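Peer 1: What follows is each chain in one-letter form.
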Amino acid sequence: MHQQPVKLGCHNVWKLYGPHPERLLAGGAAPDLDAIRASGHVGAVRNVSIDVRQGEIFVIMGLSGSGKSTLVRCLSRLVEPTAGEILFNGKDLLQARPKELIDIRRHKMGMVFQHFALLPHLNVLQNVAFPLQVQGIGRAAREARAEEVIALVGLEGREAYFPRQLSGGQQQRVGIARSLVVEPELWFLDEPFSALDPLIRREMQDEFLRVQQLLHKTIVFITHDFDEAIRIADRIAIMKDGEVIQVATPEELVLNPAADYVAEFTRYVSRAKVVTLGRIAVPGAAEGAAGTLPETVRVEAVANEVEAAAAPFNVIDEDGVVIGHVTRQAVIDVLVGRGGRG
Amino acid sequence: MTWQPSRAVWMWLVLLAVTLALARWAGPMAVPGWMQIDMAGAVSRFMDWLVNTASFGLFTFKDLTRAIAQAIEWPYQAVRMALVEGWVEGRRSEARTILPPISWIGIIAIVTAMGVYARNWRLGLFVGACFLYLAVFGQWESAMVTLASILIAVPIGIAGGLVLGIAGAVWPAFDRVQTPFLDLMQTVPTFAYLVPILFLFGFGPVSALIATVVYAMPPMVRITTMALKSVPSEIRDFGVMAGCTPRQRLTRVLLPTALPDLMVGVNQVIMLSLNMVIIASMIGAGGLGFDVLNSLRRLDIGRGIEAGLAIVALAIALDRLSQAFATRRPGAAGDGARHMRWWVVLAAFVAATTLLGYVVPALQSYPEAWTVTTRSLWSDLVKWININYYDQLEAVKNVLLLNLLLPFKRFLLALPWPWVLALITLAGWQLGRGRLAALCLALGLFIVVNGLWEPAMTTLYLCGISVMIAALIGLPLGVLAASSERAGRIIGTGIDLLQTLPSFVYLIPVVMLFRVGDFSAMIAIVLYALAPAIRYAAHGLRSVPEEIVEAGAVCGCTRWQILTRIRLPMALPEIMLGLNQTIMLALSMLVITALVGTRDLGQEVYIALTRADTGQGIVAGVSIAAIAIIADRLIAAGARRTRRKLGLEPAHP
Ligand SMILES: Nc1ncnc2c1ncn2[C@@H]1O[C@H](COP(=O)(O)OP(=O)(O)O)[C@@H](O)[C@H]1O
Ligand SMILES: [Mg+2]
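Sequence order for the protein chains is Z and E.
Just so we're aligned, residue 1025 is where the first sequence starts under the numbering used here, counting upward by one.
Just so we're aligned, residue 60 is where the second sequence starts under the numbering used here, counting upward by one.
Just chain Z, same shape as in the assembly (with noise of 0.2 Å):
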């Protein structure tokens, strides 16, 4: 895969809480959970460290009081944090005055809350249309703009609703409307689809990602459900107690746990769900193949097409070029458990 310039960059963030957290830092002393706990300090976030892409979705996961809310507000500075440095665009973030970082957030950052955090007393178009109504925009333009993306999560007709008048799964199909309606470059998304119930969360997540097929943003998204992890991520992170434990592509990380803890996560997921085709491909081309796949597919995705074909496929990287095939035989080890090669 080509790599995709950073995006936001995160170094070595940290953010406690308590009396005088600063001088727990002091000369970029690193004190460990014990050391902190021991002075009345919460370490929500612990020197943490991460790269996002371009045009990826970086998945942060972690239990609850893990510290991913915190960090996410760190990103967006909605918490100051204690230490550390926040590159956005290569630009440090931290070092923004308020009236650059108002413009930041007007342009180029969008949110989605967990409690969706729509206006009570606005209706659906004023609620989208409303981070375009604080920059100043006339009525008509910011309307026009805000019905685009009303249609684009399919809520056309509803406009005139009030939020308490809509089901959970559409107050944030609003809220996830009014982040894009500034067409922000980064999308931070906080357990957005936590609150809804299972099958409308899956429901959500299809939509999300349809969105995202169309729009290529760069995504931060924390849940605190590994299947949902897994099933939008490019890559995750694990978090827990304020640190980040492994940052990896769902399918190294059902594959190679780098500790005990994410271990357990990985244990009862399905293996097809996250092993790619490129992990599985024979090298080689296949003689007489049934066709040709790209190796980032997942097994899932093509379990049944595959396995119905007389003959292997060949899989194919990003340029066109095969690297190599896949048999029948190999889906169904995978499919049933068997390899997959750890």
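Check before you lean on any hint, since a few could be wrong.
Said to hold, decoys possible - With a straight-line Cα cutoff of 30 Å, these simulated DSS-like cross-link-like pairs (lysine-lysine) come out:
1. Z:K1297 - Z:K1264
2. E:K704 - E:K288
3. Z:K1123 - E:K288
4. E:K468 - E:K456
5. Z:K1115 - Z:K1264
6. E:K288 - Z:K1132
It should be emphasised that the hints constitute simulated quantities derived from the structure, not laboratory data.
Since this is a predicted model, take the numbers as computed values, not measurements.
Dock chain E with the ligands against the given chain Z, drawing on the hints supplied.
Peer 2: Just chain E with the ligands now, kept in the frame of chain Z:
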């Protein structure tokens, strides 16, 4: 399971025995001369200096008060013209009406329209009917005078409350500074405000308005700060992420989101203003309150009841209307264009009926010939009760007076003050350690050094008895209200009504039946202070987690056991908070019952008011506040402790 008294309980039992013994054999103790301080005199001298000599360089303090008075007087006169007098040129015989006041039909149309706009036709008709009542029963003019005061006081109270409340939410330091003042303002009884205001601004409607604003504003400040702070953090974050400037964040995100809570504050300001405008008739507010006061003084029962009922009608109308506005949701009623048409029609109607008033006087003001008076009906009714049931009423009164009130009073007055101080300090120590103990001692000493011990004990007696009775009535009613939906609704409606009525109104029936004295005062206090006792008990009982109750039922508890072993103990903290509220209301009512001749701190304030003795008024007022604060802090600390014991609150907040 047998009850094991803890060491603290034993200690208090012993202390109680000592207290009883002291009351029996030791008797009261005089405060030595060296301990008495003339704070009242000092305050009076300070106020004198303030009014006569204080200067800020460019202008004197007197100029300042004059300017404030002018700024309020002017709009007040304008509103009065619109509602009551009309625009009149010249005086007395040469008076010439240039513009009549808004016709009574017009005003009824306006309030009806507001009701329809805020909710529906039913509410509109109800509010209209309340105002029609005022006209039909001949209370229109007084009611409009009262309404004019409210129309001025409420916007000032809301605006001031919003500004201070926003400042408190934005700057936590500001909040920390103003909170103690707000606490004090809410515990200092109403009459105590009247004294310095009377001194600074003189007798008249302006003083009354200022007192009203001062009284009604603190809850708005508090509610505003609370409402802004309790906007969900995600919505706050959204405001930042949308790129709002700090000002946009406040005006476009926080305030609109907090609007429903703010409207609750508006309702409070309106109801408190009404309450205070009625009380402030003592310093010249006029209107319905003055009618009540006047007829109480002359024992003109019929007139008093009529004016009292008019206050009730006005209070209910204002309450329902402002509550409807508070719960009104955006998009509740049709589109804007249709609204516009309605408002135009309304304006035209009001203008037409008002102008037609030149030709048809009946449109202008409700014709006297059509008014119905119930005055003699009420007088006759009271006369009849007093003739036929005099003995029974007197008997009830005497039994309670002789067996309960007087012995309790004698007991409290017989206690030596150092012992009482020691007891409250000890209680403070037990519940809140050093700080609370010091606070209790300091506030107690304040009363002692000002030579107000006896009235303070009388206050304690009257208030204590009333609160006890209110609790005895309130708790069972609370249990009943929590036991079934229907009972809850009926009782809820009843206490809503009780809470809507201005405190003054409670005096009327009591004085009619029992005349003046401690007994009448007690009944009025109980009626006024009953509502929170019921409400909190019912709420506490209802909010016991259903699982715990079910666990009890599964263990085979009877209904009685579930009530006494599970629900009541779990609801105890809430019940204590209700008791706390009851005490606060009782103390604030105490001052008003001074009108029926009690001899407590309330009477001291009232006397100070009639003599315009600022120092005495303030010192006595603060003494009542001192009692209120001691009670409040002790009970709050006790409730916290119980909650912690029940595991409802973390041990270390
Ligand atoms: N304002 C705050 N003050 C003190 N502690 C906080 C604050 N915000 C978050 N924390 C603590 O930081 C930790 C991480 O919280 P959070 O980022 O909300 O976790 P997550 O979003 O993963 O559930 C938690 O232990 C939480 O209690
Ligand atoms: Mg979170």
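Peer 1: Now tell me if each hint is right for this structure.
Peer 2: Now the hints, each set against the structure:
no., hint, result
1, Z:K1297 - Z:K1264, "24 Å, holds"
2, E:K704 - E:K288, "29 Å, holds"
3, Z:K1123 - E:K288, "25 Å, holds"
4, E:K468 - E:K456, "16 Å, holds"
5, Z:K1115 - Z:K1264, "28 Å, holds"
6, E:K288 - Z:K1132, "28 Å, holds"
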